[in-house]
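In this text, residue positions in the sequence shown follow this note's numbering: the first is 0, and each later residue adds one.
These are calculated hints, taken from the structure and not from any lab test. Fair warning: this is a prediction, and the values are worked out from it, not measured in the lab. There may be inaccurate statements among the hints.
Stated by the list, open to error - Label-pair ranges, simulated between beta-carbon atoms:
| # | residue 1 | residue 2 | range |
| --- | --- | --- | --- |
| 1 | 132 | 328 | 16 to 24 angstroms |
| 2 | 240 | 75 | 26 to 34 angstroms |
| 3 | 328 | 438 | 52 to 60 angstroms |
| 4 | 437 | 253 | 28 to 36 angstroms |
| 5 | 163 | 13 | 28 to 36 angstroms |
| 6 | 231 | 99 | 21 to 29 angstroms |
| 7 | 437 | 166 | 23 to 31 angstroms |
| 8 | 460 | 363 | 29 to 37 angstroms |
| 9 | 479 | 358 | 33 to 41 angstroms |
| 10 | 434 | 264 | 40 to 48 angstroms |
Stated by the list, open to error - Calculated pairs, SDA-like style, for lysine to any residue (alpha carbon to alpha carbon, straight line, at most 25 angstroms):
| # | residue 1 | residue 2 |
| --- | --- | --- |
| 11 | 79 | 175 |
| 12 | 79 | 180 |
| 13 | 79 | 173 |
| 14 | 79 | 186 |
C-beta: ideal position from N, C-alpha, C; glycine also.
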Amino acid sequence: MSSTVSASPRQRWTGLAVLVLAVTVVALDATVLSLAIPSISETLEPSGTQLLWIGDSYSFVLAGLLVSMGSLSDRIGRKKLLLIGAAAFGAASLLAAYAPSAGWLILARALLGVAGATIMPSTLSLIRGLFPDDRERATAIGIWGAAATAGAALGPVVGGVLLEHFWWGSVFLLNIPILLLLLVLGAWLLPESKDPKPGRWDVLSVALSMAGVIGTVYAIKEAAAHGVARWDVPVAFVLGVTALTVFVRRQLRLETPLLDVRLFRDRRFTAAVLASLIALIGLSGVVFVTSQYLQLVRGYEPLRAGMAELPAFVGAVVGGLLTAWLVRRTGARAALTGCLLAMGLGVGMLGWLQQDTTYLLLAASFLLVGTAEGVVYTLGADLVLSASPADKAGAASAVSETAYELGTALGIALVGSVVGSIYAGGLVVPAGTDPAAAARAGESLGAAVETAHALPQGVAEPLLASARESFTHGMNSAGLLAAVLLIGAAAMAWRLLRGLDTPTSAVAEVAEVTAATAVEVPAPEKPQNPQKSEKVDA
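Make a model of the complete structure from these sequences and hints.
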């Protein structure tokens, strides 16, 4: 059992409010920068590659450290690590706000990722300790999931409000008062929780997990952007995959592993992790490019662009809060699969978006994607917790969060690279343009807009028209690609969850699925009632 003191109902729900505050600020930071990209491009003048790293260095580092920090929270205390992370997050926010160059901003975003990795798994694992009752925990996870997805969806709105009145660094200074409140309330209201017999923290496993995740994702990102001809791409991929392979084998041998990889034998756990990963690849990449589309193609001011993405925030809140009700009505399998398909439909709608398309189409896409993502994220987190032992909640929660952050990073990298490639290939630079200016315009749409300001009107106007058209074509292709990924994720989830719940099961009841329904090795499964199996499979 975890060393958690039994809390009263009032303590549980006030503690949840503090955890919601924590997860909101971390989720907000993942997307609040999206509307600031044009302003950053003008002020710091990053290259196209640096622009992508500004966007995804936070998520890369966060994903690389989540498993390690989740396991560490089980050992030293989830509350303690949460408060340490909150303080570090505030310090890194100050560094990011006043970064003098693109390189400094990338470094600051990476440090924010380190701090964020200590916060995210602690929040979910503390919920496991605060709410031992399955049904109460389902409601708490629904609220937590709504806060996480809503924080990510609200990022562009908050960023738009700040950028309307302040410089781009203000999106980071916003974190400071929230984190101060979190430190005070967290120290006062949250109970401590940890594994009473955690074993030693294996430093070699920490290094292997981080090297494997970052190496593999870096290789995928650079291959999508520049191809595999560069020597560092295959080298990083081989090193990353090798590190992950050694990591898995080491975990199987250790008496107290950093991550119990045997959890993946449970199909609920595997389906939840993969669904979250693929869903975020599609969602985050599209959010990254649509924020630029609204400002640089449609000409919206930052505040208006943020408000244009508000339907995603509303949908995320509704989806997270309605997850338990939906699963009681349809079952976890149908809810997860159906919402992945709905996300695919919403993202796929961007494939038909043009420069002058009515906003109603974009609003419908945002609302559908936000609502479906709220359900996918919340249900995925509940499935992960239900399939894992209570004492290992930190490490198991970290796997769920790793999928979320890896999906975010890969989405920005892959979708951003696809858009960038199509943009560069389709851009037509007017004759007579200075070669240096032409090369700069080919790096990104933001660079083209900035370059056009210094060119004569007769050259600037056709350059901008071509740049906007090429970017829109790239966004169309990215939307369709993301839709295909989400449809594939829906098929995968439907297959993995086959026979694991009935059409009337609730989110909380997923925890009561017997061990016989999981994929056990080597113990055989108990025989099921053939009539019941036929009914479920139908």
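Q. At the C-beta level, are residue 328 and residue 438 separated by a distance inside 52 to 60 angstroms?
A. Once the Cβ atoms are compared, 56 angstroms apart, the range 52 to 60 angstroms for residue 438 and residue 328 holds.
Given hint residue 173 paired with residue 79 - CA-CA distance at most 25 angstroms | holds, 23 angstroms
Would you say the C-beta atoms of residue 434 and residue 264 sit inside 40 to 48 angstroms of each other?
Given about 58 angstroms between the Cβ atoms, the range is violated.
Verify the proposed pairing of residue 79 with residue 175, using a straight-line Cα cut of 25 angstroms. holds, 19 angstroms
Given a hinted range of 26 to 34 angstroms, is it respected by the beta-carbon distance of residue 240 and residue 75?
Holds - the Cβ-Cβ distance for residue 240 and residue 75, about 31 angstroms, lies within 26 to 34 angstroms.
Outcome of range test on Cβ distance (residue 479, residue 358; 33 to 41 angstroms): Between residue 479 and residue 358, where Cβ atoms are some 20 angstroms apart, the hint is violated.
Distance restraint evaluation - residue 163, residue 13, Cβ atoms, bounds 28 to 36 angstroms: holds, 34 angstroms
_Given a hint of 29 to 37 angstroms, does the C-beta separation of residue 460 and residue 363 actually sit inside it?_
holds, 32 angstroms
Going straight from one Cα to the other, do residue 79 and residue 186 come out at no more than 25 angstroms?
With Cα atoms ~9 angstroms apart, residue 79 and residue 186 stay inside 25 angstroms; holds.
Is it true that the C-beta distance of residue 437 to residue 253 lies inside 28 to 36 angstroms, as the hint says? Hint violated: Cβ distance 56 angstroms, outside 28 to 36 angstroms.
Restraint check for residue 79 with residue 180, where alpha carbons must lie at most 25 angstroms apart: holds, 16 angstroms
Q.
I want to verify a distance hint. Is the separation of the beta carbons of residue 437 and residue 166 within 23 to 31 angstroms?
A. holds, 29 angstroms
Going through the hint list in order, the structure does not satisfy hints 4, 9, 10.
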